[in-house]
Amino acid sequence: MIYLMCLILFSIGIYCILVKRNLIKIIIGIGIVEYAVNLFFILLGYRAGGRAPILDEKQVVQNMVDPLPQALILTAIVIGLAVTVLIVSIAVRIYEKYGTFDITKIRRLRG
Amino acid sequence: MNMALLPLTPNLLPLFVAIPLGSAFIVSLLGKKLRGFSDTFSNLATFSLFCFSLLSLLLIKRLGTVVYKVGGWIPPIGICMVLDSLTSFMLITVNLIAFLVTIYSISYMERYTDKWKFYTLFLLMLAGMNGVIVTGDLFNLFVFLEIGSISSYALVAYGVEHEELEASFKYTVMGSIASSFILLGIALLYSYTSSLNMADISRTLAQGKGSQVVFFVSVLFLMGFGLKAALVPFHAWLPDAHPSAPAPISAMLSGVLIKALGVYALARIFFNVLGMTAISSSILMVLGIISMVLGGLLALGQEDIKRLFAYSSISQIGYVVFAIGMGTPLGILAGLFHLFNHAAFKSLLFLNSGSIEYATGTRDLRKMGGLTSKMPVTGYSSLVGSMSISGIPPLSGFWSKLLIILAAIEAKHFIFASIAILVSILTLAYYLKVQKLAFFGELRDSLRGIKEVPLTMKLSMIALSIICIFGGLLLIPGVQKNFLSLATEVLMNGNNYAQIILGSIK
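Which chain is which? The protein sequence lines are A and B, in order.
Taken in order, the first sequence gives residues 94 to 204; the numbers are from our numbering.
Taken in order, the second sequence gives residues 110 to 615; the numbers are from our numbering.
Derived by calculation from the structure, the hints in this document are not laboratory data.
Chain B stretches covered by chain A per the calculated footprint, using a threshold of three residues with CB under 8 Å from any CB of chain A:
id: 1; region: 248 to 256
id: 2; region: 260 to 274
Away from chain B, derived, C-beta distances all over 10 Å, residues of chain A:
id: 3; residue: Ile101
id: 4; residue: Tyr108
id: 5; residue: Gln152
id: 6; residue: Val153
id: 7; residue: Gln155
Quick list of in silico lysine-lysine cross-link-like pairs, DSSO-like style, CA-CA up to 30 Å:
id: 8; chain 1: B; residue 1: Lys476; chain 2: A; residue 2: Lys190
id: 9; chain 1: B; residue 1: Lys542; chain 2: B; residue 2: Lys483
id: 10; chain 1: B; residue 1: Lys567; chain 2: B; residue 2: Lys483
id: 11; chain 1: A; residue 1: Lys198; chain 2: A; residue 2: Lys118
id: 12; chain 1: B; residue 1: Lys483; chain 2: B; residue 2: Lys560
id: 13; chain 1: B; residue 1: Lys141; chain 2: A; residue 2: Lys190
id: 14; chain 1: A; residue 1: Lys198; chain 2: B; residue 2: Lys476
id: 15; chain 1: B; residue 1: Lys142; chain 2: B; residue 2: Lys226
id: 16; chain 1: B; residue 1: Lys279; chain 2: A; residue 2: Lys118
id: 17; chain 1: B; residue 1: Lys141; chain 2: B; residue 2: Lys567
id: 18; chain 1: B; residue 1: Lys279; chain 2: B; residue 2: Lys476
id: 19; chain 1: B; residue 1: Lys542; chain 2: B; residue 2: Lys279
id: 20; chain 1: A; residue 1: Lys190; chain 2: B; residue 2: Lys226
id: 21; chain 1: B; residue 1: Lys590; chain 2: B; residue 2: Lys170
id: 22; chain 1: B; residue 1: Lys560; chain 2: B; residue 2: Lys226
id: 23; chain 1: A; residue 1: Lys113; chain 2: B; residue 2: Lys279
id: 24; chain 1: B; residue 1: Lys476; chain 2: B; residue 2: Lys560
id: 25; chain 1: A; residue 1: Lys190; chain 2: A; residue 2: Lys118
id: 26; chain 1: A; residue 1: Lys190; chain 2: B; residue 2: Lys279
id: 27; chain 1: B; residue 1: Lys567; chain 2: B; residue 2: Lys142
id: 28; chain 1: A; residue 1: Lys190; chain 2: A; residue 2: Lys113
id: 29; chain 1: A; residue 1: Lys113; chain 2: A; residue 2: Lys198
id: 30; chain 1: B; residue 1: Lys476; chain 2: B; residue 2: Lys542
id: 31; chain 1: A; residue 1: Lys198; chain 2: B; residue 2: Lys279
From a predicted model like this one, the values you see are computed outputs, not experimental measurements.
Idealized CB from N, CA, C, for every residue including glycine.
So here's chain A without its partners, still in its complex pose:
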C-alpha cells in the first residue's frame, strides 16, 4: 500500500515535468520524482516496529531497521540538492536572457 503511494508520487512528478510549461514547475517536478525514489528506497529498509540497529554487548535485537538505505539516501539527497541548485541557477540565467519562464517561448534550438 505504502509503495503504491510512492508510485503515485512518482507519477505526479513525471506528470509535472511532462505537462507543465513553467520552468520552475518543471524543477519542482524533478524534486518530486527524486523524493519519490528516495522515499521508496528508505521504505525498503523499514521494518514495522523495528528499532535502530545499535547493539549493546549480550543484547539480541530481533527486529532491526536496515540502516544501509538511510546512508545511501543521505548521499542521494545531497546529489539531488546539487542538481536542484544547478538547474535553478540555469533557470535564473534563462529568465535574464529570455525574460520569461514559459518553455513554449524559449525555443531557439530546432531540428
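Given chain A's structure and the hints, the job is docking chain B onto it.
Chain B alone, transformed into the frame defined by chain A:
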C-alpha cells in the same frame, strides 16, 4: 626501464579517481590567483592519468584481475574497485582523449573568461567517468555517474548564451530523470538481493529465479543508461547539448562521456550483473539499429556543423550498441573496437569544428568554403576523420565497421547487416557534404583574413588523426590478443564475473 620502480600494486586503482578529484580542488583553489597555473596543472594531471591507464595493462598482465578494497573493508560489505581488461580498455580510451583535449583547450579556451573554472569542471567530469569505470559497487557507480553528469550539465551551459542555457536546461531535466530511474533500479535490486556489490548481486541472481524483478530492473536500467548513451527514443537532448558546449567539451561528451556513462555501464550491468538474455539482446540490437538509421537520416539535413556531428554520434553509438547487443564474441569485439575508434574520430571532428569556429567565428556550413587553403592542418585532419568515420579503407573506421557487419552475418542477422551497410553509405554522404561545403571549393571573400589555429590545437588534432590512420593496427593478432580480445572475454564471461571478483579477494 626497471620494472620494480613502477607502482604496480592494487593501490594504483584509487588514483584514477583521486588524481582528477584532487587536481580539480587544487585548480579551483589556486587557478584564480596564478596565471597559467590551471593550464599546466590540468595537463599534468591528465597526462599522468593517461600514463597510469597504460600501466594498468601491465598490472593486469602481472596480477590478473585486481580488486582494491576501499577503506580496507572486505567486499561484499565494503565498496571495492575492480580492474579487469574491460576496465583497462575503457580507462585508456577515456584518458587518452582527455589528455589530447586538455592540450587543445590551452589555446581554445582563451576565448572564454575564467579558464580555471572550466578546468575544474572538466577534471570533475573526468573523475566521474573514471569512477564509473573502475567501481565494482552499484551505488558507488550511481554516485560517480552523478558527479560526471552534473559537471557536464554545467559545462554545456559554460557559454551562458541563449542556446547554451536552453540546451543545458533540457539536458539537466532529462539527465536527472534518467538518474532517478537508475536509482529506482538499484533500490529494487538491493531489496531483491540484499547487496550492492556487483559481483555479489551477480552471484545471487545466477542462483535465484525471480526473472520478473530482474526484467523490470533491466527495463529501468535500459531507460536510465540508454538516456545517458543517447539511444534513439531517449536521444532528444544530445543534438542540443553537444553542439552548445565549448568544442573541447563537445569532443569529450560525444567522444567518451556517452560511452563511459552509457554504453560501458549498460554493457557491464547487462552482461556481468544481470546476465544477458535473448530478450535483452534483441532489444539492444533493435535500439541500436533504430539509432543508427534515424541519427544518420537526421544528420543529413543539418546545416550547423556541430549539430551534424552530434546526430552522427547518435548514429555511431547505434553501431556500438548493436554490435555489443549481438552478444557473440566477434560482435562484442567489433563493438568495443568501434567504441575506441569512434572516441578518436568523433573527438577529432569536434576539435576540427572548434578550430573552424575559432578561426572564422561561424558554425554554419553555408557560410564556409575553401578552408583547406587557409587552414591546412584542420582541413586535412578533418578529411582523415571524415573518411575514417565513413569507413574508407585503410582507416580505422573501415575495420571496425567491417567487423560489425561480419559479426552480424555470422550471427545470421542478414537484414540488420544490410541496414548497417546502407547506413555506412549514408554516413559517407553527410561527411562528403561537410567536406564539400567547408573545405573544398572557392574561398569566400569574407574569409580571406583567416589564419590557421595555434600550435597546441594543431598538435592534438594531428595526434588524433594519427590514431585514426593507424587504429586498424589494433587488429594485428599480437596486439589484439592483449588488448581487445581480453576486454571481450570479460563481457563474454557473463556471470562468472562474480567468481572472478570474489575469488580474487581472498
